[in-house]
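Top line first, the protein sequences correspond to chains A and B.
Residue numbers are given in numbering that gives the first Met the number 0: position 308 of the first sequence equals residue 307, and the series is strictly consecutive.
Residue numbers are given in numbering that gives the first Met the number 0: position 232 of the second sequence equals residue 231, and the series is strictly consecutive.
Calculated directly from the structure, the hints in this document are not laboratory data.
Hints are not guaranteed to be accurate.
What the hints assert, rightly or not - Chain B residues, not near chain A, derived (Cβ > 10 Å throughout):
no., residue
1, Asp253
2, Thr475
3, Leu512
What the hints assert, rightly or not - If you anchor each label on the Cβ, the simulated ranges turn out as follows:
no., chain 1, residue 1, chain 2, residue 2, range
4, A, Ser23, B, Pro522, 56 to 62 Å
5, A, Ala385, B, Pro234, 17 to 23 Å
6, A, Pro16, B, Val382, 38 to 44 Å
7, A, His20, B, Ser436, 49 to 55 Å
8, B, Ser135, A, Thr521, 26 to 32 Å
In this text, a Cβ means the ideal position worked out from N, Cα and C, and glycines have one as well.
Protein chains: 2
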Amino acid sequence: MSADAELTGLSLIGGQPGDRHDESFRAYHPTDGRGLDPFYFSASDFEVDEAVKIAAAAAPVLAASSGAERTVLLRAMADGVDAAADALVERAHLETALPRPRLTGEVARTSNQLRLFATVVAEGSWVMARIDTADSGRTPPKPDIRSMLRPLGPVAVFGASNFPIAFSVAGGDTASALAAGNPVIVKAHPAHPGTSELAGRVLTRAIESCGFPAGTFSLLFDAGTRVGSALVRHPLMRAVGFTGSFKGGRALMDLAASRAQPIPVYAEMGSANPVFILPRALRERGESLAAGLHASFTLGAGQFCTKPGLVFLDTPEAPFLAKLRSLTANDPGFALLSSAIAKTFGKGLQERSVLQTAEGQRQGAGFAAHAALQETDYAAFAVSPALHQELFGPSTLLITNTNREQMFAAARALEGHLTATILGTEEDLREYAELISILETKVGRVIFNGFPTGVEVTHAMVHGGPYPATSDGRSTSVGSQAILRFARPVCYQNLPQDALPAELKDDNPRKILRLWNGAWQTP
Amino acid sequence: MSADAELTGLSLIGGQPGDRHDESFRAYHPTDGRGLDPFYFSASDFEVDEAVKIAAAAAPVLAASSGAERTVLLRAMADGVDAAADALVERAHLETALPRPRLTGEVARTSNQLRLFATVVAEGSWVMARIDTADSGRTPPKPDIRSMLRPLGPVAVFGASNFPIAFSVAGGDTASALAAGNPVIVKAHPAHPGTSELAGRVLTRAIESCGFPAGTFSLLFDAGTRVGSALVRHPLMRAVGFTGSFKGGRALMDLAASRAQPIPVYAEMGSANPVFILPRALRERGESLAAGLHASFTLGAGQFCTKPGLVFLDTPEAPFLAKLRSLTANDPGFALLSSAIAKTFGKGLQERSVLQTAEGQRQGAGFAAHAALQETDYAAFAVSPALHQELFGPSTLLITNTNREQMFAAARALEGHLTATILGTEEDLREYAELISILETKVGRVIFNGFPTGVEVTHAMVHGGPYPATSDGRSTSVGSQAILRFARPVCYQNLPQDALPAELKDDNPRKILRLWNGAWQTP
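Could you build the full structure based on these sequences and the hints that come with them?
What follows is the structure, encoded as structure tokens:
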């Protein structure tokens, strides 16, 4: 199956192709910088409005759909993603230069995410049903009150550049918003429009085959900010999911907050993912920590929002440093996702007034970059706010000569990040226990003896963290809890049994977890 | 016990009295408009900063406190509120002119709320623990991941004028924020500073006696917006709870959204609480519906955020109308809470170009008002946006000649409200089933055959609703779910058992509900 032959360059408005307009753009191949066909046509203002209107019209149908119906839809989408795996991988490889095995893994992650949410809505307890029965004997009589989570309405999703499949058109934001019963409009990332179009068609076909309204999903193209702004400003939109830069995320937050009716924005904006290497572990297994750290900060050419970018340690032990420097020096070079990322990375490396103690090779004519190990010490780091920021790409910064109290001070001075990692022995951890209580106020995930890259898609995962890591530290964009972002509680007072949603009827036909008069009950 | 003798007019900064500054104000007695002693001194900018700093210092201690410890604190606060009942009722009666029995009920509601949250944190399941155990056999090995809700940090609470005890200093926002483990700083409502000071002292004494840090609670006075703005702008604040006007709530939302680090605002801003009277019920029990509606819209002089302000019905049946007009005409007159509310209510009644078909008496020299029944028809209502707004005070607006399709259209055209009420027979409800699915997208609570005033403090209650009823339709400010506003999920990856919070240890020592590898388990 050839991917290119199929591509049209047109938006998908509820399954219908958009028009060809004046504005167009194309993707570029990262290893040589050549432009890729076809050209993609930016959606017109009329098309944005049309996509939102049909989404708003579809919203009550989705809200009334059963968990079982949405399960069928999400599974059809997952099957469609798997069936399109070859085309998705080939096109994504062209548009991102990410290795095929990694992209194949992303396809599996994407269909697994869709299936996870299918399971969540099939099981049904996610609505957090609460029932307080009436007491007619009380003065005044106590009414019957029952509440559950209900969908918000049309959700705008902005795909990420660094996960062209799993955090993009058919990714976690789309899956969780649909699972909760909301229509979705995706603004495709301009760096991988072809991959986006292929994924968009998969979703559209599943929607058609399952009999959901066409307005359930639309896909809009644009290389600038016009379409995204129009989407977030549209009065009928109800929430926004975004993965990308801090600048882009904050712009959407400000736009959403300034609406006549403000709406929630869930923006995942990046993180420097501090790592704290404790003394015993550094002495006992310096080389293996160096190997793990190197693998983590160069994974995906360092283009992970969980890339470990700040590494605090006390005495710089020779085996650790030697190993890390040598691994970095031997790195073969990377092609980054876009010329903008490559430029920002190169500039960021140069601007940091720190020692660059190891540098990998550089090759290729496209968006090329080399791995970089930079080093400073705590005294210098503490007075250099610029060093605290994320640098997106294959580099990390060691902050040596950070003693115990300074580690606590460094942790307290952190802004919000997605993750924080502690590498240590159990004895180390007892001595540094305070670190956990500080770090849990700064991040969404505290990791012990692991590396932050590799975000499990599970029920307990929190891929979030306080601002500026995300717009809203009360949420996660990965894992089954992501569905909670796109729902709100509604309660029904004294409604007759046959008018209640199934989740709230006395006999619990959905067989879900419920809080019954204050006691949690499993069926 | 005399309340006045005790009052100092000073803020309470972690239990310490604030200073006397240039700015001061006093409360007024609503029935005669006379000023009440003592004068209250606005907190200085320095005092605001001090209150926030000690709150931030107390935050880690509160976050580390156990549910059992916070249970003791909340129960001590509840006992203190009950012990101070006489003083609270007397002073609140002076400052608000609300009847003593109503205020006595508010005291009970306040201590019951504190005890409800004590029970919630004693039981402990509110943290929504999720555990996904490791699988070392997988490639790559699957880590152990465990998540639960953790507190946000210092919370600012703005008390409401209309519930001087239950939605004020010791009210639901304070109780739920403390229960979740957050320090609280209350900006007292200037209409009842004496009641606020009494309640603030009760909370302070409980904090001292339970050994919590002084920064756990502060109370700040100010008649203007300076102190509130400084509080919401302060970089160390983490969330805001507010009950009051739309104008005030939106100003806080905008302020919080424009911070360098935006923070969540939970503002409950008001609602017109539409009521739909369906045809059979109107014919069968018009008089009793009229009596119920009249009692609801005049309760507390109509100064409830759940006052039914819009009533849709088809043919205006004589028994219903006659009864409602006669009850309204016989109303004895009311003293409203403040001169501002009285002025706005009087102006609002005059500005509405509708028929005023019944008017109660008016008495007293203070902030006096009469009950008012106003009537229009659907055709006129549909083209008069001003009529859709809340009018705070003892009035309601009947919208007659609204047929079935027009009821659906009216429901679809609603902005966000706290509640919507359907009065009908079960046969009516089947014919108008679509009304429920429309209304649940517009409100937090859908009521059948009841009246919206009277908000139960239970587990299932949702006292919220889409903007502009509240700032954030994903939340409730009443009932045990209110605690969820002031917490965020954090996950721990591969942490050793003895470093994990009790809620997440393998053997479930807290005996709470947990999602264990995807299955909800009760202990």
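Taking the hints in turn, this is what the structure says about them:
A cut-off of 10 Å between C-beta atoms contradicts the statement that B/Asp253 is not in contact with chain A; the least separation is 7 Å. Look at B/Thr475: its CB is around 6 Å from the nearest CB on chain A, not clear of 10 Å, so calling it non-interface is violated. The non-interface label for B/Leu512 is inconsistent with chain A: the shortest C-beta to C-beta separation is roughly 4 Å, within 10 Å. Taken as a hint, the range 56 to 62 Å holds for the pair A/Ser23 and B/Pro522, whose Cβ atoms sit roughly 60 Å apart.
At about 20 Å, the CB distance of A/Ala385 to B/Pro234 agrees with the hint of 17 to 23 Å. At roughly 39 Å, the beta carbons of A/Pro16 and B/Val382 sit within the given window of 38 to 44 Å. The hint said 49 to 55 Å for the Cβ distance between A/His20 and B/Ser436, and at roughly 37 Å that hint is violated. The given range of 26 to 32 Å is respected by B/Ser135 and A/Thr521, whose C-beta atoms sit roughly 29 Å from each other.
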